[in-house]
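**Student:** Please arrange chain B on chain A, whose structure you already have, making use of the hints.
The lines below spell out each chain.
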Amino acid sequence: MSDNTKSTLKDLTSFGSPVLFVFLIATWCIINDSLAPVLLIVGAILSLVITRLFSAGSSWTAELWRSVRLSPAMLRHFLAYLGVFIVELVRANITMLGYVYARRIDIRPGVVRVGTRLSSPVGRLALANSVALTPGSLVLAREGDTLYIHWLDVKTTDPDETARLIVGPFEKHLEAAFG
Amino acid sequence: MAETALREILGSFVVLAGAFFLFSAGLGVLRMPDAFTRIQAGTKATTLGNLLVMLGVGILHPDWALKLLLVAGFVLITNPVSSHALARAGHFIGIPMAPSTGADALRDDENAKAEKAKAEKAGAENGADRAGDGA
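As given, the protein sequences belong to chains A and B, one line each in that order.
If you read the first sequence in my numbering, its first letter stands for residue 1, the second for the next number, and so on.
If you read the second sequence in my numbering, its first letter stands for residue 1, the second for the next number, and so on.
Warning: the hint list may mix true and false statements.
[Stated by the list, open to error] Some but not every residue of chain B turned toward chain A, in silico, with C-beta under 8 Å:
1. T4
2. R38
3. I39
4. T43
5. N50
6. H61
7. P62
8. L66
9. H84
10. A85
[To be verified] Using C-beta positions, here's what the derived DEER-type ranges look like:
11. L82(A) x G94(B): 31 to 41 Å
12. D63(B) x A44(A): 38 to 48 Å
13. A19(B) x G115(A): 16 to 26 Å
14. L35(A) x G94(B): 52 to 62 Å
Honestly, the hints are just simulated from the structure, not real lab data.
The model shown is predicted, which means the values in this text are computed figures rather than measured ones.
Note that the Cβ used here is the ideal one computed from N, Cα and C, for glycine as well.
So here's chain A without its partners, still in its complex pose:
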């Protein structure tokens, strides 16, 4: 059998991403607040269809879901990332309160470039979203592996130093979790 027919066959029979399926059916059960068999069956069918549509084949969403692989190490790093994230979120808010309630808002905003080591789309999405919620920074755009970040109070324009200050806390765990 040639590689081509093999991949077509695989597309036809492929189930899609199990991660997406579990996520969907869990969401369904939580929203319905019930584990009644009828609801479970309807939920399973819906989840199957959506999983098949969005994570089988060769569309970009399928590529994206394929890049997410569950493993104990991945879950551990994801939880560690969540912990770091919550600490950073609280710190960002305290800084923000300082600016907001200051007698005079004394900031020097600016846009800086930050390079990232992350290569997977999911990892970059998580990084960009985390950056938006941490001390005075907001991702404006992305070109390749460069993020353009609006920084509320620019402390340095040195690329290495900005990377350490803005994306440093998250990158380690996200790299281990998503690549």
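**Tutor:** Using the frame of chain A, we list chain B on its own:
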């Protein structure tokens, strides 16, 4: 009985703390100097404010915990995405930044790219032979 009362007091205080952060976000939007810094104030404080309100409601009604977790996750994912989209669009159409703004690396790079495209276009128009040399 005492436990219920304690839970209600604790839950109410957490909701109140959330409300305080939401108020600060509003104040930040009023006080910040330009669109981008306002988006920043709006994003961060509303996210933590929302999470605290969810947590407080979760303490008041523990049986809603899973649904509240779902809502919190939704807020955590969508809030930064919307602020990013607003900021990107704002920068794209050239909304001015506060006078105190220092470097704008994105504007610099976009200008450089536009200059390069213009130069290439000009080069293609009046110097087709030069392009031939390059190849």
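**Student:** Return the numbers of the hints above that this structure violates; sort them in rising order.
**Tutor:** 1, 2, 5, 6, 7, 10, 12, 13
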